[in-house]
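Asker: Sequence:
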Amino acid sequence: NPNFEENTNPDDAQDGHKRSWEAVQAFLRTEGHDVDTLNSEIEDLIVKTLIAVQPSLSHFYHSCQPDDLDNSMCFEILGFDVMLDCKLQPWLLEVNHAPSFATESDLDRIVKEEVLRDSLELLHFVPEARRQKKREAKEKMEQRAMGAVKKASMDERMEIERDKARQRTSWEDQNLNSYKRLYPSEQSEQEYMYIHDAAINIWEMLMGGTSRRSIRLSQPEEEKDNDKPGSKNSKRGNTEEVKKEKRTPEQVREVVERLMAGCSALPRASESRVHRASNRGDKDSVIGSPERESAHEEHVQPSPHKTPRPDVQVGDVIKVQTNLGWENVNVRAKRTNGKIDIQFKDGEYMRSVLPRILRVSPPSPGSAPAPGFPTGGSACGSGGGNGSSGSGGAGGGGGVGMGA
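As numbered in my numbering, residues 9 to 412 make up the sequence shown, in order.
Keep in mind that the hints were calculated from the coordinates and are not lab data.
Now the in silico label distances, taken between C-beta atoms and shown as ranges:
{"#": "1", "residue 1": "W179", "residue 2": "E49", "range": "25 to 31 Å"}
{"#": "2", "residue 1": "K26", "residue 2": "R138", "range": "37 to 43 Å"}
{"#": "3", "residue 1": "S48", "residue 2": "K26", "range": "22 to 28 Å"}
{"#": "4", "residue 1": "E194", "residue 2": "E49", "range": "18 to 24 Å"}
{"#": "5", "residue 1": "I168", "residue 2": "D319", "range": "45 to 51 Å"}
{"#": "6", "residue 1": "K26", "residue 2": "N183", "range": "27 to 33 Å"}
{"#": "7", "residue 1": "N47", "residue 2": "E129", "range": "20 to 26 Å"}
Glycine is no exception: its CB is placed at the ideal position from the N, C-alpha and C atoms.
Could you put together the complete structure from these sequences and hints?
Answerer: This is the structure in structure tokens:
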């Protein structure tokens, strides 16, 4: 922009068109705006964005480093581009995985040098950590040569990872400098736990696999409280409540379908009551006492109008939804749990998936088969869930932070 003016005096917040975030907040406060609410909304936006990709990052990280218990072999500084509308509502534009660190002005140099300095201090790079890693690698190699390798159990690994995560969290909290911890913490884990669980369920449904459960700082205390004899929240007495909180694959699939249709993830309370009344023909479920409504909710049956999945047979050529759109695939195997093995035209093979199938008309007798596949029938119907080629997961490195 030829009209752009660089900041020539970093101490003057009103100089030039590029300003620091602190200067913008100070200006908004002088205008009488609620800056604290704005900051909390931006922080919530950042945490939810990273939680959405956490299962994918974890899968990639632990696939490359299966024996790493520190979860701190790599880090990344992300740049969030957020736009504010006339009502100070923040909107996420994009996330830059390689933000620019060019210093074209004194203001750039001050802000970006502070970001890099605080980041390197937060990572806690010390020579002793490197020497410790070398000693551990040497000991493992000697044990492997002697055939005396002791492999830790899953519970032991989880406990070690949890202890290391607590140590790293304590160090980060003492050396934040201009950073602010947003996630994870014991309070934020409880607040965003349902979003994290939904992200894992959606990833498992799309990938057709099982995600590695992340270490949670608040988990040990809850388990101890739940395991106490006579506790109201003991595991034995709270089994039904835990089962109700965890969504089934069908429920997750229904949420995805509602979001793709432009609806809310969960039906409104009034919509649910009207739907139950139409299924039972009971007028008291819409207008009645709260006790009667809660009693009816326990006996609600799934909607009988749900579209059934198509009957796919081995050898059928069907059209499934992937990251690249709708693609023709060949059904190679059919499993007892309803999932299928499919093969794409380029030879890629996916096992035990439950893809979304496009509703198409069956081919007429004598019609030519789809190119690239052997002759076979074509399945009709619409499925639940998206089938896509690829893999995903979430690392457990440092916490999420936002610079001042």
